[in-house]
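Q: Sequence:
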Amino acid sequence: DLNKGVIIQSGNDASIAIADYVAGSQDAFVSLMNGYAKKMGLTNTTFMTVHGLDAPGQFSTARDMALLTKALIHDVPEEYAVHKEKEFTFNK
Numbered sequence: 189d190l191n192k193g194v195i196i197q198s199g200n201d202a203s204i205a206i207a208d209y210v211a212g213s214q215d216a217f218v219s220l221m222n223g224y225a226k227k228m229g230l231t232n233t234t235f236m237t238v239h240g241l242d243a244p245g246q247f248s249t250a251r252d253m254a255l256l257t258k259a260l261i262h263d264v265p266e267e268y269a270v271h272k273e274k275e276f277t278f279n280k
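If you count the sequence shown from 1, position 23 lands on 211 in the numbering used here, and the numbers rise without skipping.
I should point out that these hints are in silico values taken from the structure, not numbers from a laboratory.
Mixed in with the good hints, there may be bad ones.
[Stated by the list, open to error] Here are the simulated BS3-like cross-link-like pairs (lysine-lysine), alpha carbons at most 25 Å apart as the crow flies:
| no. | residue 1 | residue 2 |
| --- | --- | --- |
| 1 | 258 | 192 |
| 2 | 226 | 258 |
| 3 | 274 | 258 |
| 4 | 192 | 272 |
The whole structure should be built from the sequences, with the hints applied where relevant.
A: Written out as structure tokens, the structure reads:
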């Protein structure tokens, strides 16, 4: 449900909850995100927040976001499918 909250409802609170659960803190999760970005060849992307809201030092390019989207479609199609959903209810 948290992934759906992030994807469908742009839930920043869900992004923070996932970050805290997976990495113990938002800063640690951002480090993981940047590590994965480097491994994926996203050479013009630096994440500073877990939710993607604007922050000093955070940047990307259309090319890098296209590479990220391509990986999403190819590597985790079940998560990509969530993007076509328009709404959902928590705890249902």
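Q: Run every hint past the structure and note whether it holds.
A: For each hint, the structure was consulted:
1. Annotation: proposed proximity of residue 258 to residue 192 holds, straight-line Cα distance about 19 Å (limit 25 Å).
2. In summary, the hint linking residue 226 to residue 258 is supported, as the alpha carbons are separated by about 15 Å, within the 25 Å threshold.
3. As the CA atoms of residue 274 and residue 258 are separated by approximately 21 Å, the hinted pair is consistent with the 25 Å bound.
4. A threshold of 25 Å between alpha carbons decides the hint, and for residue 192 with residue 272 the separation of about 11 Å falls inside it, so the pair holds.
In summary, this structure violates none of the numbered hints.
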